[in-house]
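Trainee: Read off the chains here:
2 protein chains.
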Amino acid sequence: MGHSRAQKAKTHKRIVSIASKKFREEGLAGVGIAELMKEAGLTVGGFYKHFDSRDDLVAEAVSSAFGGWKRRVDAAKAGSPPVSYEKLIDEYLNEAHRDNPGTGCAFSVLAPEIARSDKRTRALTSEQVRNDIELIAALCPAKDKRTARSTAILTFSALVGAMALARAVSDEALSREILNTVAELLKNSA
Amino acid sequence: MGHSRAQKAKTHKRIVSIASKKFREEGLAGVGIAELMKEAGLTVGGFYKHFDSRDDLVAEAVSSAFGGWKRRVDAAKAGSPPVSYEKLIDEYLNEAHRDNPGTGCAFSVLAPEIARSDKRTRALTSEQVRNDIELIAALCPAKDKRTARSTAILTFSALVGAMALARAVSDEALSREILNTVAELLKNSA
DNA sequence: ATTATCTATAGATCTATAGATAATGC
DNA sequence: ATTATCTATAGATCTATAGATAATGC
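So the sequences go chain by chain: V and U.
The working numbering numbers the first residue of the first sequence as 1 and each following residue consecutively.
The working numbering numbers the first residue of the second sequence as 1001 and each following residue consecutively.
Hints in this document: simulated from the structure, not taken from any laboratory.
Using N, Cα and C, we set each Cβ at its ideal position, and we do this for glycine too.
Accuracy of the hints is not assured; some may be wrong.
What the hints assert, rightly or not - Here are the computed lysine to aspartate or glutamate pairs in the EDC-like style, where the Cα-Cα straight-line distance is at most 16 angstroms:
1. U/Lys1087 to U/Asp1074
2. V/Lys87 to V/Asp74
3. U/Lys1010 to U/Glu1039
4. V/Lys13 to V/Asp56
5. U/Lys1119 to V/Glu172
6. V/Lys119 to U/Asp1171
7. V/Lys70 to V/Glu127
8. V/Lys87 to V/Glu184
9. V/Lys77 to V/Glu91
10. V/Lys119 to U/Glu1172
11. U/Lys1119 to V/Glu184
12. U/Lys1077 to U/Asp1090
As the list claims (entries may be wrong) - Computed footprint of chain U on chain V; a stretch qualifies when at least three of its residues, placed anywhere within it, have a C-beta under 8 angstroms from a C-beta of chain U:
13. 10 to 16
14. 23 to 31
15. 56 to 69
16. 81 to 88
17. 119 to 129
18. 152 to 161
Construct the entire structure; sequences and hints are all you get.
Mentor: So this is what it looks like as structure tokens:
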């Protein structure tokens, strides 16, 4: 009990990181504060010294979930050679990503719940969608900037939708068909 | 109290219909049994004479939500002239659909929660995804059947993803850009 | 007699708060 | 002295069940 401020900052980050994972796995409405704190090795009581409300944590956790994906794409882009459009598609539309939503793209699993969330979370999401569109557009082998942006928006939508559908169906063959077909078509038409 | 069997069947349908709408509006985890029964003009106690469990209602309500969309597309297809691929896209990707999830496509709003639901609901979803792919493929102006099916899968994914993203962002201009861009690209590339 | 619905409630769980405790930080 | 965490709990809500009531259906 009663630890240092440095410790508190670390604890705060741990709670957010765990929430970010659990929310993607169970949904924003699917995990309680007690469970999250327990996973962080803490108890419920301490929660409200870290966050004013549950919505506060949701906003931070969603932001953190976006951050993970952003870091990965940024790193891939900055690599030499920078990651290709084709590679991005393959990194998204695969079975490992499908089977591990907790560490994957937040949009594919949280978009509908974010749509029902508070203004802060949705504003944060707008910003992230804008960033991701620009990121994908920068990788698009398109003629002009306008076309690249349009292609990026279609690509982004298809990635998110295909992943959501591939996870929702129980038929494994159908699930794979969705992932593979969308990946192939996106790569061939860009 | 104590009504006829015909009445019970009607009541059952009313509960499912209300659940189908509310689940799309608030998520599968976002509405309680008491609230649903109250909206149907009933009380909690009667619920379990209609359904063995909450999951039973979820399965029926999701099925019902799929049915609505299916009926609409079937009708459009059977019309003379049958609805075109372009028309289908426009009927999906518009602001009215975006702003009324309760009467819209269940995938765009429930896919992530369905992925966490029981086998029955997911099996039912597989069947519906299969149907919808075939439905869209039948409208695709593509060379051969294989190409039509691939295009249908990409189209379906892009529709669902674009709608989910358009609803998640708070920036109205960005939301519209997503809907319009995906609609235009799908129509031009098919 | 059966049953569709009602009222009432058990038992679990969820967000948030109050007050105690044990450490840090001045 | 302040504060990060703990235990305990209030008050709301959620699924599910028990038992009463008033209608149908034989």
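Trainee: Decide, hint by hint, whether the structure agrees.
Mentor: Checked hints:
| no. | hint | result |
| --- | --- | --- |
| 1 | U/Lys1087 to U/Asp1074 | holds, 13 angstroms |
| 2 | V/Lys87 to V/Asp74 | holds, 13 angstroms |
| 3 | U/Lys1010 to U/Glu1039 | holds, 15 angstroms |
| 4 | V/Lys13 to V/Asp56 | holds, 13 angstroms |
| 5 | U/Lys1119 to V/Glu172 | holds, 13 angstroms |
| 6 | V/Lys119 to U/Asp1171 | holds, 10 angstroms |
| 7 | V/Lys70 to V/Glu127 | holds, 12 angstroms |
| 8 | V/Lys87 to V/Glu184 | holds, 12 angstroms |
| 9 | V/Lys77 to V/Glu91 | holds, 13 angstroms |
| 10 | V/Lys119 to U/Glu1172 | holds, 13 angstroms |
| 11 | U/Lys1119 to V/Glu184 | violated, 29 angstroms |
| 12 | U/Lys1077 to U/Asp1090 | holds, 14 angstroms |
| 13 | 10 to 16 | violated (count 0) |
| 14 | 23 to 31 | holds (count 4) |
| 15 | 56 to 69 | violated (count 0) |
| 16 | 81 to 88 | violated (count 0) |
| 17 | 119 to 129 | holds (count 6) |
| 18 | 152 to 161 | holds (count 8) |
The structure does not agree with the numbered hints 11, 13, 15, 16 stated previously, though it agrees with the rest.
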